[in-house]
Structures are given as structure tokens and as C-alpha cells.
Amino acid sequence: MINTMYQLDTLDSSKAFLAALLIGIAFGFFLERAGFGSSRKLTGVFYFRDMAVIKVMFTAVITAALGLTCCVVLGIVSIEGVYLMPTVYGAYIVGGLIFGVGFVMGGWCPGTAAAGVASGKIDALIFLAGAIIGSIVFNEMFSLIKPLYDSGQRGVVFIYDTLGISKGTFNVLLGIAAVVMFWGCEWIEKRKTSQSLGDNTTVLKTVSVAILSIAIVLVAVGSGLPSSRQPGTTAGIISSESQLLEAVEMAEDHIEPEELADRMLRQEPGLIVVDIRPVVEYLGYHLPNALNIQMKDLHQALIPYKNAGTIVLYSNGMTHPVQARDSLFRSGYTNAYILTDGLNGFIERCLTPVSLRDEILPKETSDKIRAWRALFLGLAAPQETPDTPDVPPSDSLLIDADWLEKQLERADTKTLDLRGQPEYNTSHIRNSLALNVENLRMNLDGAGSMLQPADMLARHFSAMGIRPGDTVVIVYGDKTQDATLVGIALERLGHTSYRILNGGFAAWKSANKALVSELPEIVSSSYPVTGTDNFSVDYRTVLEYVKSQKGIILDVRPSDYYSGSKSNEARAGHIPGAINRPYTEDLVKVNDVPQFKPVEELAKAYAQIIPAKDSMAIIHCRTGHQASQTFFVLKRLLGYSNILWYDAGWSQWAAKKELPIE
Amino acid sequence: MKNQDISKNRYMNPYLAGIGLGLTLLVSFLVLGAGLGASSGLARMAACMELCVARAHTLSGEYFGKWGQNPMQYYLVFMLVGTFIGGLCSALLANRMKLQIERGKQSTVRLRTAFALMGGILVGFASRLAQGCTSGQALSGTALLLTGSFVFLVCIFAGGYAAAYLFRRQWND
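So the sequence lines, in the order shown, correspond to chains E and P.
Here the first sequence is numbered in this note's numbering, starting from 1 and rising by one per residue.
Here the second sequence is numbered in this note's numbering, starting from 1001 and rising by one per residue.
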């Protein structure tokens, strides 16, 4: 069995580039041999002048199709090893029609034009320039075209399934159609040019016989090997429409909320829960550890989980998951399920508190419901404290004065006031502790203003009585980035249950909430040190990113510092390839005090900058302070999973003269 | 007429060329695990050009943006370069390498050039919309027996035959 580069995920290796180059050479060679380095010959097909296009193309299609079927039947390669393009009816119909007009107008298609340029055709070069312009036009209009681009999405569909016949039968029909077409083409050309068929007939006769006999042999062999007859499936499970309907009828396609809740509670390995709702809804609430994948990306994103483990799809209701699940089933997924009644049903059936239920439940059931509520709503059961505090849902990371007021009395709430000492001493929120954020930073490896190592931070937080299970509420004065710097310090210790009072101390004051001047009583704790964090990077990592260009570097300094027109560092400018998104753009000022913009707005803005939720991005500013804010926005508010923080930032980069700048 | 016969005979028998092309495609399936492609390589070049002109704008775009900062690091770019090299080898061997703007004798350079450019724009756009061109969809996709690729192929011919009459003048002798 051959493992293809697509299967091994090595299509981006230099080996693949070399293989593609060699295959391209053979491709170009045969195109030119066939006469496709001439636009006049190519377009001949549209004027019944020269039918070579049909002859060459269909011979090639039949050769490759029968050849591949042979390889699959003989077990040389599995059809899963080949990239199968999804069918998108709307886009392909409109695309095909426009392409056809462009083809007959320009006289070329992209591949033949490359061969045309090679044989000196200037019109081919012009055509290719046009095609590049066309691609740019498409890119620029993409947001407009997107509905069409996605319209009629059906996932991977085979023509024989669409026609409702077996693959073998289709191969024979295709063979017959090709042979009939070939003889038809010869007849047309003979009439048009009154030319004798000559040598062509001998070759054509041989080819005709070969095509038909191989197709028929394959049917015979195929019927003896039923499991290999249908590509796109495994282990003899056939993804035909009737099988699909049978599975639906047997209710094999869905999973009940209670069952899912139990399996998630058990942390069953291999259970993949997929939320297919829009990002904004996902950010609002989702089942813990659910992946957020949009419908159109499902086929691509789920490849690693195909027929391994259990995939459960959910949305608010049922319609979209059903369609998605059926589409996956057609592409050979036998392990995709939908959540019965969707998220709405899940919340109603599993998360309704025991006290609100009509029926009286046995203790076993009510205990289970409490455990589910603890897991899915983050409401810890009173008797037990979870080992790893859950990250609160992003919409509650930014809290208001009312919320804080209710929490103030709780022993597990610690409020930190980041204003200056005199302001704090004058009046502050009850039980809040004064903290100067600069005390969390120090000089490390020659770079000033670095966040302290985990052990020092742990001592600092221990002295303030903060314990691992506590919710830390951060109240800033006039700088949101002060709050996020404390946040990132907590994150270094693995402490993710912190919240920020949006609007800072001013929000508390303008809500007319109570203020005191006495100091809180603190029992110091012993915050454990777990090692180092997994998001801080140094300049070496950044340099690797610059060289490999595999991730995004986000420079959040003001744009005049990014451009280099202003500078107070050793050098002016920015890291090569870095994108500028000033941290201030994530903020809005209310009564002169900055606060975070609504999450939906931020999500929209960053979707334009960072392509996917799991894209790698390194955030930096001058000293790491402003960057901590963008880190918080991306990682915590928007749920980007691979966000890294270059603390030393531009001050270090600019000072190291051996590092490249732009 | 006589001349045309000779030049035509110099091309490879179309069925044999088709078999050669089909075997190339089969090797591509077996080695790369993906079919042939040409328009993707062009689109990558387009993205690269746009990156040079407007870097941040391109990277933040939803379509080219997802290809990252170095769109040329892609196997189909290399395949397109290979296609050119292969075509060059064949053209040189057959002594068919000749600098020209191919057109009918009655047609003008201006008309042919304009049609080639406009046709190219349409094809470049349509290839992105249909996620492939004659190579990636019509040839590779149909060989994989994919429904969408057959639909695309039928529509190419429908579009081509419907519009053929409008553009016939460029080939008038």
C-alpha cells in the first residue's frame, strides 16, 4: 500500500515540490506533444474544426480513472489517500460557464497556456497575465462572491452515487461514451477536412477495445470484491443513499443529550464535540472543549478524526447538524453523530436544575444532574473544588460593577486595585488590594520590564492571599493594559479564573457603589509553582517565525512607531513581516476611560487579520505591556488557541543589531 | 490545406498523447495524492504580487490571506513551473518554438490580444470560483469520478459552444 504525500501531510515538503515539478514536466510535455501549445488547435473543438481536445482529454480521464480503480482494487493505494474535491453545485456551474466563455475567447486554459508560452506564443503570456488579474479580482471581491462560492455545497460526492448506479457500471458507461465520442470526433473531422482517418483508426480501434475490456474486467473483479467496490468508505460500510437512510431510520445517526453528557463527564478519549454555530454564538457559550468549525470547513477540519473515535455535531437546533452529518456520511465518515435536539435540548434535558424539575428524581439522577451542571456551567459542586479551574466563558471575563458588588463578600473572590497608592488610600472597593503592576516586572537577561518568573510571581500572589481556586477581579485605573498585565502574570501560574471590571475603577464610581478606606485583612497563602508558561517566547522563536513565515507576527504599538516615523529605541521600524494592529483599536473611551470594545466587534476585526482560531500568532509591542492586552483579547475573549507573547518586544529586537528589521 | 496536413501530422497521435497524460495524472494521484493543477499556481503568483504591493491588506483578506506570508511555497506552483519546462522541452524537440501571436490571417493583433487578455481574466476568476480549472477539476476531478467536476466540465463546454460564435473572427483566415 502506497502512502501518498497528501495522506502523510507532506505536500509542503521539498520532496513534494520536486515531485510536483517532475510531474509538471511530464504534464507540459504531453500537452505540447498533443498540440495544445497552440490556441488555434485548442479552440478548434468549439468550431468542429479539430476535435483533439476531446480525444486527448477523454483518453486521459479514462486512463487515469481506470488506472486508479485498478490500483484501488489491487490494494496499491486507498482512495482516502487522494485529495477529493468537494462538490459545490452553484459555484461550479457558474464557474464552468464563465470558464467556457473565457476559454473560447482567450483561446487557452491555464495549463495549456503554460505550454503555449513555452512554445513562444505571446497570446498565451497575455492570457496568463489576464488569469492573474482575474485571480486578484476574485480575491478583492471575495466577500461579495462568498455566498456563491459556498452555494450548493455537497461535500465529496461521486458521480455514480449521484446517478444511483454502481461504480463498475459507471466505468463501463463512461468507456462506451468515450468510444462513441472518439468515433464521432473522427467523423466530424473527416467531414470538415475530407481527410482520411489513416493511422488514427488502428490506434483508435486498439484504444476502444482496451478501454471497454478493462472497464468490463473491472466490473467482474469489482463484483467479486464488494468491499472495495465503493471508494470513500472503510471496512465494507457502503455510503450509498439507501445505507444512509437506513442509518437514519435506525436512529444510528444521533446521540441523546444524557449520553453525551455522561461521556463528556467521563472524559472519554476520542470523543470530538463539534460546535457548528457562528463564532459569536460559540464564544457566548459552548460545551467544554467543543471545537468550533463552520459547516463549510467541516470536511477539511475533521479529516484527522475520520472513522477514529466519535464525532458529535451540534448547533442550537437540528437542521444544520443533520445536513452536515449526512454530508460527512456520504464522504465515508461512519463515526459522525448529531446531538438530539441540539444545544437547546441539551440545556433543557441535562442542565435544568433539580429544583426546577416537575418530577421527583432518584438521588442517583439528581447527583448526576449536579455533576453535569458543574461541568457544563462551571458551577462547582459545593463539596469539591476542581483541580484545574475552568476558564470562565468569555462573555463573563469582562464584568460590570453590579456583578462585582454581588461577589465582594465571597472568600474566593480577590479584588485587585491597580490605581496609584494615594488614590487607593483615599477610597477603594471593600476588600480590594492595592497592586502596582510594575512590581510584577523586573530586568531579565538584560531586557528591562520583563514579567517576573513564575516563582517570584507566586510569592507575590501568595502574600496577597490569592489561592489557585480564587476568582481574581482586576480593577484598573486608566490603563486596560495594566489589568491584562496582571492577567498574563496569573496565566504564567496557570491561573485562568480572573476577570476584569470593564471601565475600571471609574465604572464602579459612576455606578455609585460603596467605597471604604480601611485596609482588608489578608491571610497569606502558598501559591504553588507549576513550572513555566507555554505562551512566552524569546527573540529566537520570533526570528524562526520571520524566517519560516509560518505564523503571524502582530505588532500592537501605535502605527507611527510601527512605521518608524517615531522612535525612542535603538532602531526604528518593525520586525519583517509583522502586521500592525495598535492595541488602542480594541478599546473605546467612555468618559475618557478606556474599556474593551464589544466582543462581537473585536471578533469581526480579528477575523480579518488572523485567518483561523488555531493560527499561530506572536504578539509584541515595545515592552510586553500593551501586547498583554491583545493577548487577552485574542486568547481569552476571542478564543484563539495559539497565541504567543514576545515579552521583551521591540526594545530588545531593536537593540540586537544582528536581528533583521523592516 | 496541404501545409496544414503536414503540421497536423507532426503532433502526437491524440489517443497516445491522452494515454501519456492519463498516466501522468495517475502518477500524480499515487505519489502526491492529488491531481494535476495549473490555475492554483497562477493564483499563488497573484497573491504574491498583491503581497508585494499591499502586504497588510492582502494578509488580512479572507481569500489570499489564508495562504499566509509566502504563498509560493506550494506544490502546484512548482507543477506550473514544470509544465512550462515540459512544454519547452517538447516544443524544442519538435522544432515548434516560434515567437508569435497566434491568430487568423484576417484577424488583427489588437483583437487577438484583447480577447486573450479578457479571456484570461474570465478564466482566472472562474478557476477560483470553481476551485480549479481544466487541469484540476475537468481532468483530475472527472478522473476521480467526482460529481462536481463533471458538472464543471459540462458547463465549460456549454459556455464555450454558446459563446464560440462571438469570438470566431480572431481565427478568420
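Please keep in mind that the hints were generated in silico from the structure rather than gathered at the bench.
Quantities reported herein were computed from a predicted structural model and do not represent experimental measurements.
Even glycine gets a Cβ: it sits at the ideal position worked out from N, Cα and C.
Hints are not guaranteed to be accurate.
As a list, the in silico DSSO-like pairs of lysine-lysine whose alpha-carbon atoms are at most 30 Å apart [said to hold, decoys possible]: (1) K1066/P x K296/E; (2) K1098/P x K15/E; (3) K406/E x K296/E; (4) K1105/P x K597/E; (5) K479/E x K368/E; (6) K192/E x K1105/P; (7) K604/E x K1105/P; (8) K190/E x K1098/P.
Short, incomplete list of chain P residues facing chain E, as computed with Cβ under 8 Å [as the list claims (entries may be wrong)]: (9) C1052; (10) M1072; (11) N1095.
With the threshold set at 30 Å, check whether the alpha-carbon distance from K190/E to K1098/P stays at or below it.
Measuring from Cα to Cα gives roughly 29 Å; hence the hint holds.
Pairwise hint evaluation, K1105/P against K192/E, where the allowed Cα distance is 30 Å at most:
Cα-Cα ~20 Å, so holds.
Satisfaction of hint between K1105/P and K604/E, Cα-Cα up to 30 Å
Roughly 56 Å separates the two Cα atoms, so the pair is violated.
Restraint status (C-alpha distance of K406/E to K296/E at most 30 Å)
43 Å, violated
Grab the minimum C-beta distance from M1072/P to chain E and call the hint holds if it beats 8 Å, violated otherwise.
Check failed: Cβ of M1072/P comes no nearer than 10 Å to chain E, outside 8 Å.
Within 30 Å, alpha carbon to alpha carbon, are K479/E and K368/E?
44 Å, violated
Against chain E, run the beta carbon of N1095/P and see if the smallest gap drops under 8 Å.
It is violated, given that the least Cβ distance between N1095/P and chain E is near 10 Å, above 8 Å.
Chain E contact restraint for C1052/P - C-beta distance below 8 Å
Hint violated; C1052/P Cβ to chain E Cβ min 12 Å, cut 8 Å.
Mind checking the alpha carbons of K1066/P and K296/E for me, to see if they're no more than 30 Å apart?
Roughly 15 Å separates the two Cα atoms, so the pair holds.
Hey, K1105/P versus K597/E, does the alpha-carbon distance stay inside 30 Å?
Given that 30 Å is the threshold and the Cα spacing comes to 66 Å, the pair is violated.
CA of K1098/P to CA of K15/E, is that 30 Å or under?
34 Å, violated
Checked against the numbered hints above, the structure violates hints 2, 3, 4, 5, 7, 9, 10 and 11; every other hint is satisfied.
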